[in-house]
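Asks: Whenever a hint applies, use it, and build me the whole structure from the sequences.
Given next are the chains, with one letter for each unit.
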Amino acid sequence: MFRKWLFLVLATLLLTGCGNSPEIKETEVVKKQYQASFLNLFDTVTTILGYAETEEEFEKITDDIYTKLEKYHKLFDIYREYEINNIKTINDQAGIAPVEVDEEIIELLLDCKEYYYMTGGKVNVAMGSVLNLWHEAREDGVDNPLESYLPDEAALKEAALHCDIEDVVIDEEASTVYIADPKLRLDVGAVAKGWATEKVCREIPEGLLVSVGGNVRATGPKPGDIPWVVGIESPWKENSDYVHTLYVNRECVVTSGDYQRYYTVDGETYHHLIDPETLYPGKKWKAVSVVCEDSGLADALSTALFLLSKEEGEKIAKQHDAYVMWIASEEEIYYSDGFETIIKR
Amino acid sequence: MGKTKGMRLRFCIGDVLVIGFVVMLAILIGVVFWIKTGTEEGNLVVVYREGEKIRELSLDKNTEIFIENSYTNKLVVKDKKVAIVESDCPGMDCVHSGWISGKGRSLVCLPNRVEIRIEGEVDSEVDFIVR
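For the protein sequence lines, the chains are S and G, in the order given.
Residue numbers are given in my numbering: position 286 of the first sequence equals residue 286, and the series is strictly consecutive.
Residue numbers are given in my numbering: position 35 of the second sequence equals residue 35, and the series is strictly consecutive.
Since the hints were derived computationally from the structure, they do not count as laboratory data.
Computed from a predicted model, the values in this text were never measured in an experiment.
Each residue gets a CB set at the ideal place from its N, CA and C atoms; glycine is no exception.
In silico BS3-like cross-links for lysine-lysine, where the CA-CA straight-line distance does not exceed 27 Å:
{"hint": "1", "chain 1": "G", "residue 1": "K103", "chain 2": "S", "residue 2": "K344"}
{"hint": "2", "chain 1": "S", "residue 1": "K283", "chain 2": "S", "residue 2": "K310"}
{"hint": "3", "chain 1": "S", "residue 1": "K318", "chain 2": "S", "residue 2": "K199"}
{"hint": "4", "chain 1": "G", "residue 1": "K53", "chain 2": "S", "residue 2": "K222"}
{"hint": "5", "chain 1": "S", "residue 1": "K60", "chain 2": "S", "residue 2": "K222"}
{"hint": "6", "chain 1": "S", "residue 1": "K68", "chain 2": "G", "residue 2": "K53"}
{"hint": "7", "chain 1": "S", "residue 1": "K71", "chain 2": "G", "residue 2": "K53"}
{"hint": "8", "chain 1": "S", "residue 1": "K283", "chain 2": "S", "residue 2": "K315"}
{"hint": "9", "chain 1": "S", "residue 1": "K60", "chain 2": "S", "residue 2": "K199"}
{"hint": "10", "chain 1": "S", "residue 1": "K68", "chain 2": "S", "residue 2": "K113"}
{"hint": "11", "chain 1": "S", "residue 1": "K88", "chain 2": "S", "residue 2": "K74"}
{"hint": "12", "chain 1": "G", "residue 1": "K103", "chain 2": "S", "residue 2": "K31"}
{"hint": "13", "chain 1": "S", "residue 1": "K222", "chain 2": "G", "residue 2": "K103"}
{"hint": "14", "chain 1": "S", "residue 1": "K60", "chain 2": "G", "residue 2": "K103"}
{"hint": "15", "chain 1": "S", "residue 1": "K60", "chain 2": "S", "residue 2": "K74"}
{"hint": "16", "chain 1": "G", "residue 1": "K80", "chain 2": "S", "residue 2": "K32"}
{"hint": "17", "chain 1": "S", "residue 1": "K32", "chain 2": "S", "residue 2": "K60"}
{"hint": "18", "chain 1": "G", "residue 1": "K81", "chain 2": "S", "residue 2": "K32"}
{"hint": "19", "chain 1": "S", "residue 1": "K286", "chain 2": "S", "residue 2": "K344"}
{"hint": "20", "chain 1": "S", "residue 1": "K310", "chain 2": "S", "residue 2": "K113"}
{"hint": "21", "chain 1": "S", "residue 1": "K344", "chain 2": "S", "residue 2": "K310"}
{"hint": "22", "chain 1": "G", "residue 1": "K53", "chain 2": "G", "residue 2": "K80"}
{"hint": "23", "chain 1": "G", "residue 1": "K53", "chain 2": "S", "residue 2": "K31"}
{"hint": "24", "chain 1": "S", "residue 1": "K113", "chain 2": "S", "residue 2": "K88"}
{"hint": "25", "chain 1": "G", "residue 1": "K81", "chain 2": "S", "residue 2": "K344"}
{"hint": "26", "chain 1": "G", "residue 1": "K103", "chain 2": "S", "residue 2": "K32"}
{"hint": "27", "chain 1": "G", "residue 1": "K53", "chain 2": "S", "residue 2": "K32"}
{"hint": "28", "chain 1": "G", "residue 1": "K53", "chain 2": "S", "residue 2": "K60"}
{"hint": "29", "chain 1": "S", "residue 1": "K88", "chain 2": "S", "residue 2": "K183"}
A short, non-exhaustive set of chain S residues, derived as facing chain G with CB atoms under 8 Å:
{"hint": "30", "residue": "S37"}
{"hint": "31", "residue": "F38"}
{"hint": "32", "residue": "L49"}
{"hint": "33", "residue": "L209"}
{"hint": "34", "residue": "S211"}
{"hint": "35", "residue": "G214"}
{"hint": "36", "residue": "V216"}
{"hint": "37", "residue": "W228"}
{"hint": "38", "residue": "V229"}
{"hint": "39", "residue": "V230"}
{"hint": "40", "residue": "G231"}
Replies: Written as structure tokens, this is what we have:
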């Protein structure tokens, strides 16, 4: 009896051993996860995750994504000139002449006008003159923290007079853009990365995860129909933990936070999300995360919702089927309908 | 009655051998699993400069290296954590990123075109992290 029982235990042990044996897995075609990063696009980090059988196969995909993103990087740049007319060319010709541009610039600017009216003017790509004052002050402050300063109040107010989006005259037929106000400047920073990500993701293979400066977009689940898991890092560095981890299949996740780009003046931090109304950084939230299908829309929404109250933001989000998480403090986190359905527990 | 008693007492050398075998097997399996998970945890700290892999360091070994490009980053691996502790780049965002650990995490110095990634075989709970 006892001996029989012992053999039974032994047999069970061996069987369990078999279940875990790697030989079973080796018969399947195993696709490995690969990762690629680019540090020279949109002044931020681009990361691509995907599965492929070989590194070469994955590299072919990422090379293609790089080429596609690089085109947008050049078109939407407001600081540098390239061989093609871009947003900087349009800015340089403000009040002078219409500039013939690639149809994708036309497409972007038309969408930007839509974002402007949709968000009650909170996302305004025509406020480049205001943003430029903040940009200069921040760059100087970062380079020279001891002598950091705030933009001149009078200069901000004067710049704010030249932010009328209707002064950006788009001629679709001629494919030209003309800035009618000589002091108006375009700054597409709040939407260009997300918009470009969306465009590119519609043209690349299934099952990839692309992040351009935190605009994360999935082009379908991982092999085996497993959703991607995206962690939203806690804004409080000491925790270095996630606020939540989210399941993503084909959607986009974007977070606007006051800790992403900032500088310090007299011990107080000033971040990059400037409210067109107050001309100063928005103070309502620590961070706002938006999940929706279109990455361009998500980018615009996260900027707008960061500057709006929960009630106002919720209304806009609902109209566009977006899920939202508002973080006011560590204890105070709010969710829109639906957001909790994608949280990984 | 007597029969049962006899069986109980007949605990021969074969039984001892089987018990010994099972115990040995259990220990062996335990050791194999321990070693396996042990090596899987042995993640690598991989340094990329201008998109090219230039160094691989063990996350388990405390190290300090300097990464030179347009600027210089001082990279420290300590107690299975990684950080850029010094840098002469503008803004020093890389230094402010603090210490990272765990597969899939990365540190970036954009001005210096340097990325430090923790790579390994273990599939962690999270595919990608956004700030």
